[in-house]
Each structure stands twice: as C-alpha cells, then as structure tokens.
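**Q** Just so you know, the sequence shown maps onto residues 236 to 668 in our numbering.
Derived by calculation from the structure, the hints in this document are not laboratory data. Since we're looking at a predicted model, the values are computed, not measured. Be aware that a few hints might be false.
[Claimed, not checked] When the alpha-carbon atoms are kept at most 25 Å apart in a straight line, the in silico PhoX-like pairs for lysine-lysine are as follows:
#1 Lys489 to Lys345
#2 Lys548 to Lys532
#3 Lys532 to Lys499
#4 Lys532 to Lys497
#5 Lys273 to Lys443
#6 Lys461 to Lys426
#7 Lys273 to Lys426
#8 Lys273 to Lys314
#9 Lys436 to Lys461
#10 Lys489 to Lys515
#11 Lys426 to Lys443
#12 Lys497 to Lys273
#13 Lys468 to Lys443
#14 Lys371 to Lys466
#15 Lys426 to Lys340
#16 Lys345 to Lys367
#17 Lys532 to Lys461
#18 Lys466 to Lys506
#19 Lys345 to Lys371
#20 Lys468 to Lys525
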Amino acid sequence: MILKRLNIFSGVQLIINAVLVTAFIIVGLFVYFNAREKVYTDTREQMYLEIEELSHIIDIYRVRDRDILNMAANFAEYKISEFSDFEESDSALIDYVAVNPLSKKPMNIKIHEWFVDEMSFLNNFNIVDQIKKLSKVNASIYQKTPKGYVNISTNILNTQEERMLGDIISNSSAIVQAIESGNIYRSRIHKNDSWYQIIYKPIYINGKVRGMYYIGLKERIGRALKAIFDKRKFFQQGHAFIMTKEGRLSIHPKERGMDYSKTKMFSDLSKLNGETGILKYRWPETELGKPWYLSFKYEESIDSYICITFPKKEVFNQLNKQLLYIVFWFILFVISFQLAVTYLNELRKKKVQLISKSISEIAKEGRTEKLKAREDDYKQVYTNINLISEKYTLLAKHADKLVNSQLGTKQTDLLKNDLIGNALIQVDKKLLK
C-alpha cells in the first residue's frame, strides 16, 4: 500500500528508471572493460621492465663471476707454464686408484708418471693450492689415460676434508672432445645444490695434449640474488623467482630447490618458444586453485627463466573497488532521484486535488475559498479559479440586488465582460426604465 501511495510504480518513473539503468549498464561495461584492458597492458609492461631490471642485475653478477673465472684460469695457465719442463715417462707405468665413472666405485688404472725437475708430480698439490689461495676457485689437473682423463691433483675437498682425486672424464664426453681438438671448454653446471661456471684448458707435453686443467667458480648469483629477489614484492602476494629450463627452482622465497618439471605451469611455459611473455595458470593445480599470472623471460646466459608471478585478482583489485564505488553512488543517485520524483509527484497530486476540490465547490455551490497563488507552475490556474469564484460571487450579489429592487448600482468590469453579468446589467437597465 505504501508503494502505491508513493506512486513508485508509475509508468513514467518506470521508464525513466529503466532508461537510467540500461544506459548505466551499457556505458559502465564499455568503460570497465576498456579500463580492464588498460590495467592488464600497463601491468604487463611494468612486469617486463621489472624482469629486464632483474636480468641486468643477473648479467652484472654473471660477468663479474666470468671475469674472476678468467683471471683464475689465466693464473693457472701461468703457474703451469712455470713448469715448462713437464715430462711424461714413456715406460714407467704406475698403479693409480681412480673412480669408475659408471659405478662410482674405486678402480685401478695404469698411468704414465709425470715428472717436474726429475720429481714425480703425483701427490703434488702446490699448483692447485696456490690457485685456491689467490683466487678462491676450485682447481684440478687431469692426466690423459686410455680410459679417459683422470684427476691427479685437486684442491677440492669432500666432507671428510679429503682431496677428491681419481674421478675420470670419459673420452666420449664433450669436454674431452673439445680438449683433444685443442680447444677450451666452458660451461655452467649444477653441483651439490649450487651452480658453477667452469672452464677446461689443455696441457701440452712435447707439443701433444697429454692432460688438462679444470677451474670451477661457484656462482655468487644465487647467494647475492636471493636477497635482491626476496625484497621485490609485486602487488600483495606476488614475487620473483628463477627456474631452470629443467623446471627446478634455483631462487625462490620459500621453495628453493623444488622440482616443477611435472607441473602444468612449467609444461605451458616450455611450449612458449618466445624469450619473453606472460601466461595465466592456476595454483595450486587443484580444483581449489586460484588464477595467477606468470611474466617471464628466458635468460640464455644462465639457461633459466626469470619469472614474476602474482594473483590475477590483485591486478584488478583496485579497478573492482572503483567499480563498486561507482555502483554504490549510482544506486544512491537512483534512490535520491526516485525520492525526489516521488516528493514532487506528491506535491503535484495535492495541488491537483486542491484545484479539483475548488472546481467542484464552484460547480455545486457557485463559490469557493480563495486560493493562494504561488510562484510555481500552478499560479495561473489558481488565479483563474479565483477569478471564476469572484465572478460567481458578483453575479450572485447582483442578482440579489435585482430581487430586492436595488437598481442602477455601479458594476465592475468583471461583470461587464461576463456574458451572464452583462445580461443582468441589461435587465437592470430595463427595470430602471
């Protein structure tokens, strides 16, 4: 009943409300999706810049490690060149305990003994220890044998603080193939939960390749970059990490060392041949998983992906808040507009009822109370009703005078200009005659 009384469901109001809501929805959707696309584009560009910055930082550390490695290799070459009179016995074969590259078990092999200044080079660790002391890198010297190149001198220690001698690099390996061709072999390997930059160079005796030396530098990228990556925050839950091309997390705030190679996210990442890009995935990869974005770049120098990941909802969180804010104010506007229209409609109804009442009184009784004209749309209507009421009153008074033989009284222009009033004036004149 209240709704009926307020006339909320009037046809005009329903049409106005429908037009307002429809226009708001159409314009709102257009603006929202355009804003959403812009937010996505801006975020993608921002993440690209962030990854490029991280890539630049990685390159700085990588170049520094490479320079240190080259300095150590040059120093090793210099120290070895000091022993320019390396000699290899043609006849003296000695037993040497090596490590089987397949079974990792000890095995005995025969090697030609090396001499320096007529002193055996076996169990001589002077060169590798000097390299370690001055450059802080791992160094090993390998001697050529029929079974491969065997480690005869090293500064690398195991957990028992023993030198790790005797490992064999097979003749079929890429390392030996490069050395046998007189080339230098460079690579990057993952060992003991760390990454190393390594270099192998040949050792010549009498103009022939009879051995090689190894220099390995533990990368400082992981240690130095972890603190840098941990400080980088993106939105609220977003973070940066590095994942190898095999799917192992080498740098991560919480899951360093985890293997992601079996995840759908890594599978989708591997299918993208581009060096940079962005993909959407669900994490965790269950029914309860939430959508995330992964912005990435493949960094060839470290054979890994530099990644930044962040929840999808956080990208559009601010935009959605603005949308709710706009919807709230639109609803408030519609309600205010509705109340204003209802209020004005009630005023209109009261004025119409007053006019109707006055006209009804004039029709039944010939007179009514004088209406107060206001400065509004109904002023002229009120004035006309008052004139009609006044005219009927004058007509009634003049008729009473005629009945009471009060003839010849002065009449107003209001009666003179009225059809009935003019007729009464003519009757008055005839009665006077």
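**Q** A separate judgement is required for each hint: does it hold in the structure or not?
**A** Status of each hint after checking the structure:
{"no.": "1", "hint": "Lys489 to Lys345", "result": "49 Å, violated"}
{"no.": "2", "hint": "Lys548 to Lys532", "result": "23 Å, holds"}
{"no.": "3", "hint": "Lys532 to Lys499", "result": "18 Å, holds"}
{"no.": "4", "hint": "Lys532 to Lys497", "result": "20 Å, holds"}
{"no.": "5", "hint": "Lys273 to Lys443", "result": "65 Å, violated"}
{"no.": "6", "hint": "Lys461 to Lys426", "result": "18 Å, holds"}
{"no.": "7", "hint": "Lys273 to Lys426", "result": "44 Å, violated"}
{"no.": "8", "hint": "Lys273 to Lys314", "result": "61 Å, violated"}
{"no.": "9", "hint": "Lys436 to Lys461", "result": "32 Å, violated"}
{"no.": "10", "hint": "Lys489 to Lys515", "result": "21 Å, holds"}
{"no.": "11", "hint": "Lys426 to Lys443", "result": "31 Å, violated"}
{"no.": "12", "hint": "Lys497 to Lys273", "result": "34 Å, violated"}
{"no.": "13", "hint": "Lys468 to Lys443", "result": "56 Å, violated"}
{"no.": "14", "hint": "Lys371 to Lys466", "result": "29 Å, violated"}
{"no.": "15", "hint": "Lys426 to Lys340", "result": "19 Å, holds"}
{"no.": "16", "hint": "Lys345 to Lys367", "result": "29 Å, violated"}
{"no.": "17", "hint": "Lys532 to Lys461", "result": "18 Å, holds"}
{"no.": "18", "hint": "Lys466 to Lys506", "result": "30 Å, violated"}
{"no.": "19", "hint": "Lys345 to Lys371", "result": "32 Å, violated"}
{"no.": "20", "hint": "Lys468 to Lys525", "result": "19 Å, holds"}
Of the numbered hints stated above, those contradicted by the structure are hints 1, 5, 7, 8, 9, 11, 12, 13, 14, 16, 18 and 19, listed in ascending order.
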